[in-house]
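Read off the chains here:
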Amino acid sequence: MAGLEDLYREIILDHYRSPRNKGELETPPATRTEGFNPLCGDEIVVYVDVDDDGIVQDIKIGGQGCSISQSSASMMSAAVKGKSVEEARKLTTAFKSLMSIHEANVGGDGSEAEADPDAELDPSIKLGDLEALQGVVKFPTRIKCATLSWNTLSQAFDEAAAAN
Amino acid sequence: MTAADDSPSPKTALDGTAIRADFPILHQMQTGADGEERRVVFLDSAASSQRPQQVIDAMDEIYTHSYANVHRGVYQIAERATNAYEGARTKVASFINAPSANEVIFTKNATEAINLVAASWGRANLGPGDAVVLTMMEHHANIVPWQMLAAEKGVEIRWIPVTDDGQLDLSELDTLLDGAKMLAFTSMSNVLGTLTPVKELVAAAHRHGALALVDACQSVPHLPTDVVDMDADFVAFSAHKMMGPSGLGVLWGRMELLDAMPPFLGGGGMILNVTTEGFTTDAVPAKFEAGTPPIAEAAGLSAAIDYLENIGMDEVRRHEVELTAYAMRTLTERLGDDIRIFGPAEPAARGGVLSIELRDVHAHDVSQILDEKAVCIRPGHHCAKPLMRHYGVAATARASFYIYNDTDDVDALADALVAARDFFAL
Numbered sequence: 001m002a003g004l005e006d007l008y009r010e011i012i013l014d015h016y017r018s019p020r021n022k023g024e025l026e027t028p029p030a031t032r033t034e035g036f037n038p039l040c041g042d043e044i045v046v047y048v049d050v051d052d053d054g055i056v057q058d059i060k061i062g063g064q065g066c067s068i069s070q071s072s073a074s075m076m077s078a079a080v081k082g083k084s085v086e087e088a089r090k091l092t093t094a095f096k097s098l099m100s101i102h103e104a105n106v107g108g109d110g111s112e113a114e115a116d117p118d119a120e121l122d123p124s125i126k127l128g129d130l131e132a133l134q135g136v137v138k139f140p141t142r143i144k145c146a147t148l149s150w151n152t153l154s155q156a157f158d159e160a161a162a163a164n
Numbered sequence: 165m166t167a168a169d170d171s172p173s174p175k176t177a178l179d180g181t182a183i184r185a186d187f188p189i190l191h192q193m194q195t196g197a198d199g200e201e202r203r204v205v206f207l208d209s210a211a212s213s214q215r216p217q218q219v220i221d222a223m224d225e226i227y228t229h230s231y232a233n234v235h236r237g238v239y240q241i242a243e244r245a246t247n248a249y250e251g252a253r254t255k256v257a258s259f260i261n262a263p264s265a266n267e268v269i270f271t272k273n274a275t276e277a278i279n280l281v282a283a284s285w286g287r288a289n290l291g292p293g294d295a296v297v298l299t300m301m302e303h304h305a306n307i308v309p310w311q312m313l314a315a316e317k318g319v320e321i322r323w324i325p326v327t328d329d330g331q332l333d334l335s336e337l338d339t340l341l342d343g344a345k346m347l348a349f350t351s352m353s354n355v356l357g358t359l360t361p362v363k364e365l366v367a368a369a370h371r372h373g374a375l376a377l378v379d380a381c382q383s384v385p386h387l388p389t390d391v392v393d394m395d396a397d398f399v400a401f402s403a404h405k406m407m408g409p410s411g412l413g414v415l416w417g418r419m420e421l422l423d424a425m426p427p428f429l430g431g432g433g434m435i436l437n438v439t440t441e442g443f444t445t446d447a448v449p450a451k452f453e454a455g456t457p458p459i460a461e462a463a464g465l466s467a468a469i470d471y472l473e474n475i476g477m478d479e480v481r482r483h484e485v486e487l488t489a490y491a492m493r494t495l496t497e498r499l500g501d502d503i504r505i506f507g508p509a510e511p512a513a514r515g516g517v518l519s520i521e522l523r524d525v526h527a528h529d530v531s532q533i534l535d536e537k538a539v540c541i542r543p544g545h546h547c548a549k550p551l552m553r554h555y556g557v558a559a560t561a562r563a564s565f566y567i568y569n570d571t572d573d574v575d576a577l578a579d580a581l582v583a584a585r586d587f588f589a590l
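Here the protein sequences line up with chains A and B, keeping their order.
Residues 1 to 164 in my numbering are what the first sequence lists, from first letter to last.
Residues 165 to 590 in my numbering are what the second sequence lists, from first letter to last.
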């Protein structure tokens, strides 16, 4: 099915079929944060355990969703595990930029504005496998699927910071 | 039947291909990313239908020749506009067999119609200790207005459960209605297609001294409607699901109830007199139609009703039962155990709405592949999250039929679903 390969790259389907870090973590020490996509009803749960040095010791993903939201969550979990919260946040910014969303334009209500063409990205941030998701940009209704887990992770970090 | 089988598909009561000639939006071709051109197969009428040229022309006529504000101007154009608007009220009344056209209130949509009842009748008549009974298959439009009222007034909300085959479980109905003041329920589920026993439910509500509001959004466009026979107290529906325009809904209510209710929105058009001290309200329906109403939209709804009556609502229903039966049979034959169709197994017990689960392929992904084949369906929770939770699914893929669909459309749906299954085969 030509055309859809842009959206459904093999690596995306691989993460969808064999999601990494699926499951739950004990809370506490981990925090549990739910994210909702009101358009389709998808619900994602991010468990994240950040140690005293601000390192993501462990992360697990629960909930259900489409191939795009599930593979994005799976790749995200693999990418941020063992990284510092600061690095994970930079990765989030870079990923959203890939989705044509610039952090500074993300409204407080989670609404996502147009990309800022002047946005400057930290060139040291490497998205790796996550770049496979860039085809999503051509299917605007699916961008919220791809960003659901990342928005939930940001919220989890905020909640973890507030709890400490 | 398979994709390679060229034998013609069976006919249903209406000729969908001939009817599509009246719907310009359905003439367009959609080019897939594979470069192939396909006819658009529209299977999302439960969300919002398409409209025939006759409806577009009727609205065009208002804006081209007959547009002015209604109920005020004494010039000829304004009189034509008022006649078109009030003529639509009379036509709606006759279409649903309302005893009086004055019982027909035009709103923004069915959602606003239900909000009107919850806010106006609800605030005036309900308080702590009172109960409103809903069903687990309601659209959010018939849930959230009552939850808002419950939060404000301390009203209890009770729920009629659903069975696994998509029917209302009425075994505890009398207990649920005991002491209740309102039973608000759908006449046809927008997710399952289930036709609910409207008369039985209304009678049960009345037996317990409760009023009955029927969310008839999904049934009015597809079945003959008779509010007197239903014996309901309020009935709500939307023009855009019955080939009329968006931005217009209908609330029908019993005059004695409407008469006693306080106004909903305040403004011009709903008053008899305004002083610095206060205001007095005009009579029903003006009391509930504050501000400039949807004038061209009312003319569009009028034309949509003409179109439906020209076909005949019994024929519309017969066509959709036959098409639904063909769809359930075809999808089961083509996809076997890979497909789950929610709701009643008997086509005559449901409307033309099929919510499906395709193996473990998410509804979003199913719809994406179907779009590639120019088949338009709806993924998601269909604004019925309590029902989705009952079935343990976050989303379903929903195909819904109307008069312009035929068995060719069902075959295109089946082909596209097979392609989606194969694409995501694990």
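To be clear, the hints were calculated from the coordinates, so they are not data collected in a lab.
Bear in mind the structure is a predicted one, so any value in this text is a computation, not a measurement.
Be aware that one or more of the hints could be misleading.
Each computed DSBU-like pair below joins lysine-lysine, with the alpha-carbon atoms no more than 35 Å apart [as the list claims (entries may be wrong)]:
{"hint": "1", "chain 1": "A", "residue 1": "K81", "chain 2": "B", "residue 2": "K549"}
{"hint": "2", "chain 1": "A", "residue 1": "K138", "chain 2": "B", "residue 2": "K549"}
{"hint": "3", "chain 1": "B", "residue 1": "K272", "chain 2": "B", "residue 2": "K255"}
{"hint": "4", "chain 1": "A", "residue 1": "K60", "chain 2": "B", "residue 2": "K272"}
{"hint": "5", "chain 1": "A", "residue 1": "K81", "chain 2": "A", "residue 2": "K22"}
{"hint": "6", "chain 1": "B", "residue 1": "K272", "chain 2": "A", "residue 2": "K138"}
{"hint": "7", "chain 1": "A", "residue 1": "K22", "chain 2": "B", "residue 2": "K549"}
{"hint": "8", "chain 1": "B", "residue 1": "K317", "chain 2": "B", "residue 2": "K363"}
{"hint": "9", "chain 1": "A", "residue 1": "K138", "chain 2": "A", "residue 2": "K81"}
{"hint": "10", "chain 1": "A", "residue 1": "K60", "chain 2": "A", "residue 2": "K126"}
{"hint": "11", "chain 1": "A", "residue 1": "K126", "chain 2": "A", "residue 2": "K83"}
{"hint": "12", "chain 1": "B", "residue 1": "K175", "chain 2": "B", "residue 2": "K255"}
{"hint": "13", "chain 1": "B", "residue 1": "K317", "chain 2": "B", "residue 2": "K175"}
{"hint": "14", "chain 1": "A", "residue 1": "K22", "chain 2": "A", "residue 2": "K60"}
{"hint": "15", "chain 1": "B", "residue 1": "K549", "chain 2": "B", "residue 2": "K363"}
To see whether the hints hold, each was checked on the structure:
1. Pair hint K81(A) plus K549(B) holds up; C-alpha atoms about 33 Å apart against a cutoff of 35 Å.
2. A hinted pair counts as satisfied when its Cα atoms are at most 35 Å apart, and K138(A) with K549(B) qualifies at roughly 29 Å.
3. About 18 Å separates the Cα atoms of K272(B) and K255(B), which keeps this hinted pair within 35 Å; it holds.
4. A threshold of 35 Å between alpha carbons decides the hint, and for K60(A) with K272(B) the separation of about 45 Å lies outside it, so the pair is violated.
5. Simply put, K81(A) and K22(A) have alpha-carbon atoms about 13 Å apart, close enough for the 35 Å limit, and the pair holds.
6. Taken as a hint, the K272(B) and K138(A) pair is honoured in the structure, with Cα atoms around 34 Å apart against an allowance of 35 Å.
7. Annotation: proposed proximity of K22(A) to K549(B) holds, straight-line Cα distance about 24 Å (limit 35 Å).
8. A threshold of 35 Å between alpha carbons decides the hint, and for K317(B) with K363(B) the separation of about 29 Å falls inside it, so the pair holds.
9. Restraint check for K138(A) and K81(A): satisfied, since their Cα atoms lie roughly 29 Å apart, inside the 35 Å limit.
10. Distance hint between K60(A) and K126(A) is fulfilled; the C-alpha atoms sit about 22 Å from each other, no more than 35 Å.
11. A hinted pair counts as satisfied when its Cα atoms are at most 35 Å apart, and K126(A) with K83(A) qualifies at roughly 13 Å.
12. Taking the CA atoms of K175(B) and K255(B), the gap is near 31 Å; set against the 35 Å cutoff, the hint holds.
13. This hinted pair does not check out: K317(B) and K175(B) have alpha carbons roughly 53 Å apart, beyond 35 Å.
14. For the suggested pair K22(A) and K60(A), the alpha carbons sit about 5 Å apart, so the restraint of at most 35 Å is met.
15. For the suggested pair K549(B) and K363(B), the alpha carbons sit about 26 Å apart, so the restraint of at most 35 Å is met.
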